[in-house]
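One line per chain: the protein sequences are G, W and V, in this order.
Sequence positions in the first sequence follow the numbering used here and run 1 to 396.
Sequence positions in the second sequence follow the numbering used here and run 1 to 396.
Sequence positions in the third sequence follow the numbering used here and run 1 to 396.
Hint data in this document are derived by calculation from the structure and do not stem from the laboratory.
Some clues are possibly wrong.
Because identical chains cannot be distinguished in the list, a pair is counted as satisfied if it fits within a single copy or across any two copies.
To be verified - In silico DMTMM-like pairs for lysine to aspartate or glutamate, Cα to Cα no more than 25 Å straight-line:
1. K174 <-> D275
2. K221 <-> E2
3. K393 <-> D374
Bear in mind that the values here come from a model prediction, so they are computed numbers and not experimental data.
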Amino acid sequence: MEASQIVYIIDTLFIIFSATLIILMAPGFAMLEAGLVRTKNVTSVLTGNVLLYAVTSMVFLLWGYNFMFSNGGLFLNGVENSSGYSLYAVLFFQMAFVSKTVSIISGGVSERIRIVPFMIFAIFMSGLIYPMIGHWTWGGGFLKDLHDLAGSTVIHSVGGWALLAIVLILGARKGRYAKNGAVRVIPASNIPLVTLGGLLLWIGWFGFNGGSVLSIGSIEKADLVAKVIINTNTAGLSGAIITAIAVYLKYKKLDITMILNGALGGLVAITAGADVVGLWEPIAIGAIGGILVVIAVPLFDRFKIDDPVGALSVHLVNGIWGTLAVAIFADFSFLTQLKAVAIIGLATFSITFIIIYILNKLIGLRASEEAEYDGLDISETGVESYPEFNKSKLGI
Amino acid sequence: MEASQIVYIIDTLFIIFSATLIILMAPGFAMLEAGLVRTKNVTSVLTGNVLLYAVTSMVFLLWGYNFMFSNGGLFLNGVENSSGYSLYAVLFFQMAFVSKTVSIISGGVSERIRIVPFMIFAIFMSGLIYPMIGHWTWGGGFLKDLHDLAGSTVIHSVGGWALLAIVLILGARKGRYAKNGAVRVIPASNIPLVTLGGLLLWIGWFGFNGGSVLSIGSIEKADLVAKVIINTNTAGLSGAIITAIAVYLKYKKLDITMILNGALGGLVAITAGADVVGLWEPIAIGAIGGILVVIAVPLFDRFKIDDPVGALSVHLVNGIWGTLAVAIFADFSFLTQLKAVAIIGLATFSITFIIIYILNKLIGLRASEEAEYDGLDISETGVESYPEFNKSKLGI
Amino acid sequence: MEASQIVYIIDTLFIIFSATLIILMAPGFAMLEAGLVRTKNVTSVLTGNVLLYAVTSMVFLLWGYNFMFSNGGLFLNGVENSSGYSLYAVLFFQMAFVSKTVSIISGGVSERIRIVPFMIFAIFMSGLIYPMIGHWTWGGGFLKDLHDLAGSTVIHSVGGWALLAIVLILGARKGRYAKNGAVRVIPASNIPLVTLGGLLLWIGWFGFNGGSVLSIGSIEKADLVAKVIINTNTAGLSGAIITAIAVYLKYKKLDITMILNGALGGLVAITAGADVVGLWEPIAIGAIGGILVVIAVPLFDRFKIDDPVGALSVHLVNGIWGTLAVAIFADFSFLTQLKAVAIIGLATFSITFIIIYILNKLIGLRASEEAEYDGLDISETGVESYPEFNKSKLGI
Chain G
1 MEASQIVYII
11 DTLFIIFSAT
21 LIILMAPGFA
31 MLEAGLVRTK
41 NVTSVLTGNV
51 LLYAVTSMVF
61 LLWGYNFMFS
71 NGGLFLNGVE
81 NSSGYSLYAV
91 LFFQMAFVSK
101 TVSIISGGVS
111 ERIRIVPFMI
121 FAIFMSGLIY
131 PMIGHWTWGG
141 GFLKDLHDLA
151 GSTVIHSVGG
161 WALLAIVLIL
171 GARKGRYAKN
181 GAVRVIPASN
191 IPLVTLGGLL
201 LWIGWFGFNG
211 GSVLSIGSIE
221 KADLVAKVII
231 NTNTAGLSGA
241 IITAIAVYLK
251 YKKLDITMIL
261 NGALGGLVAI
271 TAGADVVGLW
281 EPIAIGAIGG
291 ILVVIAVPLF
301 DRFKIDDPVG
311 ALSVHLVNGI
321 WGTLAVAIFA
331 DFSFLTQLKA
341 VAIIGLATFS
351 ITFIIIYILN
361 KLIGLRASEE
371 AEYDGLDISE
381 TGVESYPEFN
391 KSKLGI
Chain W
1 MEASQIVYII
11 DTLFIIFSAT
21 LIILMAPGFA
31 MLEAGLVRTK
41 NVTSVLTGNV
51 LLYAVTSMVF
61 LLWGYNFMFS
71 NGGLFLNGVE
81 NSSGYSLYAV
91 LFFQMAFVSK
101 TVSIISGGVS
111 ERIRIVPFMI
121 FAIFMSGLIY
131 PMIGHWTWGG
141 GFLKDLHDLA
151 GSTVIHSVGG
161 WALLAIVLIL
171 GARKGRYAKN
181 GAVRVIPASN
191 IPLVTLGGLL
201 LWIGWFGFNG
211 GSVLSIGSIE
221 KADLVAKVII
231 NTNTAGLSGA
241 IITAIAVYLK
251 YKKLDITMIL
261 NGALGGLVAI
271 TAGADVVGLW
281 EPIAIGAIGG
291 ILVVIAVPLF
301 DRFKIDDPVG
311 ALSVHLVNGI
321 WGTLAVAIFA
331 DFSFLTQLKA
341 VAIIGLATFS
351 ITFIIIYILN
361 KLIGLRASEE
371 AEYDGLDISE
381 TGVESYPEFN
391 KSKLGI
Chain V
1 MEASQIVYII
11 DTLFIIFSAT
21 LIILMAPGFA
31 MLEAGLVRTK
41 NVTSVLTGNV
51 LLYAVTSMVF
61 LLWGYNFMFS
71 NGGLFLNGVE
81 NSSGYSLYAV
91 LFFQMAFVSK
101 TVSIISGGVS
111 ERIRIVPFMI
121 FAIFMSGLIY
131 PMIGHWTWGG
141 GFLKDLHDLA
151 GSTVIHSVGG
161 WALLAIVLIL
171 GARKGRYAKN
181 GAVRVIPASN
191 IPLVTLGGLL
201 LWIGWFGFNG
211 GSVLSIGSIE
221 KADLVAKVII
231 NTNTAGLSGA
241 IITAIAVYLK
251 YKKLDITMIL
261 NGALGGLVAI
271 TAGADVVGLW
281 EPIAIGAIGG
291 ILVVIAVPLF
301 DRFKIDDPVG
311 ALSVHLVNGI
321 WGTLAVAIFA
331 DFSFLTQLKA
341 VAIIGLATFS
351 ITFIIIYILN
361 KLIGLRASEE
371 AEYDGLDISE
381 TGVESYPEFN
391 KSKLGI
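Can you build the whole structure from these sequences, using the hints too?
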């Protein structure tokens, strides 16, 4: 058997393994978000998570993939031309990424967005915005000099910018910000789900970043994949530890939702450069990522930007930080990285703003005040999340 | 190193990877079913799920495997003769399948079946019925012309037919059907668990179907494995989307339990033919699978066949549909497929009916009326599922 | 491509796959323990689980790995010298093990230990005790003749001995043992989480034991890996079945927490020798493991050693049993095994006792009586686990 055949087989297995881990992030996001919102909105968040995986993946298979990597045409074309490994596997791997851009948004708009308009936006994200950004960068377009291994910018900050645009139009949850400026704390309803979701995301990240090397088929590549995975993990460790120290010093309590968001912040931050830094740098990159989460969460609240799960702090702030960190900790141009961050941010924010503005005018984005008070589960899904458990007034 | 050795190694790793994903379906089924039943029966359902994995796997290792693939003997024999890859891995992979045939049943008989007689039936399923059907088909027997990649018929409809036979003897849950024909809706108790379970099953399916190619050890096989996995996923996407559209049009609500069952229906339907269709056909196969779930769920209720989790609609109806779809969407004989479906259905249904009829006479299948009212957790396991949470009367 | 290169690539993929499965045990332990404790302590247990993964992994990367396998130095050194496969992957794999030694402890000290002193101990465990024991055995030290494939002794009994030492200083939960000797049963708060955790651990074990073969790169190694995995699973099956039979005969109820602990006991027991026994022996090893759990759980209670999750019975008792079973069921010296068990037990117990004794004097190990009554979630984390669900008095 020729070497190229062996590499073809091994890389196909490697890509399938990585894509499977990425898809494990679907239950990861679903559990994290379901645990963070109030019980009256849990089913809605879960329904959104399942549907957005279905809708975005399908759109990307049918249209987005070819838009991103070739010059159009139906998706069968995408797998006709041969390459170093199974293009079916590559299609599957690339598809696994797309839903993440909308999963990131899902938690941040929860507890007040209607599912149908959100799914319409998901079609635009997976069929237009993400493939366009992906075409500019990974598809060999005019931002191809950006170094972004697995998408600190292309996935995470894209999701973050879109979320910011949506939240500005959608507004905060009722009662979240009092007129005197006080912020009402709305506690997470199910901490085991939050933890499970956070840890599944963490594990899925090994496929997300490791798989983005795209080949394990030589000694150099095998080393690189393993280094990327260990660096990914290290940044998560570092983000969790620094956040724990920070919240403990500040409040004398170990708030697990902050610690997990700190870990996720570190994981987002390392996503751009896990392949081009050594084993030490991820400690710093992840630690700064964790600190940024601790700083950003109250900051967004000060501007009355209501993000129930901290997604802006985790994905937008750290997506930007991670992309710039590549230039700080490895030999890449800061200007190139910054330019791409800015262009992609501007493009994503404005296109999203326009789409959402129109959607909001046409069919309305937000659930009615009554539906929000009673919980979106009743109005949107007709299915209560925990119908047998008596609830306290906390959830209202 | 010779090519055959390299393929041996890679295929062993591939089979282990696939089997691990399949075993991830054990928590998948457990969480799905635990979320769908009432809190008072959750521990029983979970205990059944854990025990059926243990019992069926052990029986299959000791006896079933050799019954299915050779001419008898103890299980050590099964790994003596050499082949293209580690027979230990194959034994592990085949073992991973068997518990699924009983997991399928477990939810459908929940909230009224006693665990011990159910486990006795599990022994018959894994030691007699499934290995016999497996021997007829995958073992090279008289139905070897059936094309059923990973078991739309051999696993899913077998589980479904057995479930139907058991439910006919077991009867419906108390209070489920009023005398005037009205169906009492019994809501799922924990939607996050349902979602987690559904998504874990979905991910496990990649190993279920992908692994059933049995080798990734050539360019053609690598392409085939990757195509099978992407097709599997596509049918799930399609099933979820079409079901969401159908329930939304009908009820103006997005019922997540139906959407997940629609996805699972699509996944069952593609299981027979994921390897012999192109990239487009799974969209149709999965969509029809989803529609069949939407149609079948109320239909079974009309005949007072009480299936708390929709397993008959997902596994029996779509197991049949998927097997026939092979002949519709690829170049296989419709008659061969239909004949196998009919023979296997008849055999499974009648053998199960006889075993269950006798078991019911000898030791009784059903929990007492009092135990059913109070919940099976107390009478069967002595362990409450959520002892600290105050419950509403909904659960009774 | 040369054979050595191919093996390098495949083994790197294999090690990454195995390490990922091991890290899946982090949510496994977290869910198991969160389900077994009362709702008022759930967040604390989860916070401990997340933080101990972060802290121990980081310490091991920075220092422990080199202490264990070479002559000191910072962790970059560890991956400079070349070997048969990516040392990055090996570092990742070894790191995945270390947190398990503390996860084992975490459940046993739950509901009364403060998180900060526990994390300080975790630093000592991952930076001193475990690397020292690991150096003596797997690192080629004076106990290198011990046969312990994946750590019945080096991981599980080490965790168990340390737990025993801590519990003796920490004491039992308030109200657990009445003055007349009666044991107050404190029920698990969330059985689905217990089940999910148990099954995730089970699946993670395939990577734990299978990966410990360290190479899949020849026909013999591929067979060995597959045999190890199937043996691991068999011992779990056997442990679950025998425990189910035992509790059913004794109580006429199928207590799922005992059944899962029986399975885990079987899994711990097979961890030392899965590679050197045939396919039959794991049935006996796992069955004895399950029986030992059934016997040990009430025994520890008789000595008022309070272990809320049964970790001593699962990990300490079966860690010892599994290590000795190697000499009983395969051709190894009983004395060598016993000597290592004794020396490692003595060393771990005494060092832990000293560290914990000093920690307890300096900063206090135990939460205040009031904090214990109200639940540690409030005092330690400030985050309630299920804030909206009304709770019964059972949890107090």
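Here is how each hint holds up against the structure:
no. : hint          : result
1   : K174 <-> D275 : neither (44 Å within a copy, 51 Å between copies)
2   : K221 <-> E2   : both (18 Å within a copy, 16 Å between copies)
3   : K393 <-> D374 : both (11 Å within a copy, 20 Å between copies)
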